[in-house]
Amino acid sequence: CPYAYTIWDRVAGKLIGRRINPDWSDMLSFVHGGASTHIDQVLIRLLFQVVVYHVWWEKNLRKHQQGHKGTYHMIIMNNKVVKNRISSLGYKSNHRLERLLRRWFEVFE
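Residues 1 to 109 (my numbering) are what the sequence shown spells out, left to right.
Take these hints with a grain of salt, some might be off.
[Unchecked claim] Capping the alpha-carbon separation at 30 Å, the derived lysine-lysine pairs in DSSO-like fashion look like this:
| hint | residue 1 | residue 2 |
| --- | --- | --- |
| 1 | Lys-59 | Lys-83 |
| 2 | Lys-69 | Lys-59 |
| 3 | Lys-83 | Lys-69 |
| 4 | Lys-14 | Lys-59 |
| 5 | Lys-63 | Lys-80 |
| 6 | Lys-14 | Lys-92 |
| 7 | Lys-14 | Lys-83 |
| 8 | Lys-80 | Lys-14 |
If you're looking for bench data, these hints aren't it; they were derived computationally from the structure.
Take these sequences, add in the hints, and give me the full structure.
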């Protein structure tokens, strides 16, 4: 769906780069194991889950005539949800994923 791809492209494109592809099976393969670093892989998987959930939520709102959100709003919302989720994990400085939030800010802020 063009709506979902637009959101995925705008949110994940900064992390994935030119490897982003509208083909669903290619994207699933990439999400499964295509990132160059472990930190990026975790971010891509988390971001993918957030985008899929919010696109489903948006489609449900439209189906029940409860309005709709534009792509810009969805991009902002996805960014905020990922940032909040990473913050809530509270990794200590010696944890292997403690760089998640720092990497998120490097890519998206």
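How the hints compare with the structure:
At most 30 Å may separate the alpha-carbon atoms for a hinted pair to count; Lys-59 and Lys-83 meet this at roughly 23 Å. Restraint check for Lys-69 and Lys-59: satisfied, since their Cα atoms lie roughly 10 Å apart, inside the 30 Å limit. As the CA atoms of Lys-83 and Lys-69 are separated by approximately 20 Å, the hinted pair is consistent with the 30 Å bound. Annotation: proposed proximity of Lys-14 to Lys-59 holds, straight-line Cα distance about 25 Å (limit 30 Å).
Between the alpha carbons of Lys-63 and Lys-80 the distance comes to roughly 25 Å, so the proposed pair stays at or under 30 Å and holds. Pair hint Lys-14 plus Lys-92 holds up; C-alpha atoms about 26 Å apart against a cutoff of 30 Å. A C-alpha spacing of about 15 Å is found between Lys-14 and Lys-83, which places the hinted pair at or below 30 Å, so the restraint holds. Taking the CA atoms of Lys-80 and Lys-14, the gap is near 16 Å; set against the 30 Å cutoff, the hint holds.
Of the numbered hints stated above, none is contradicted by the structure.
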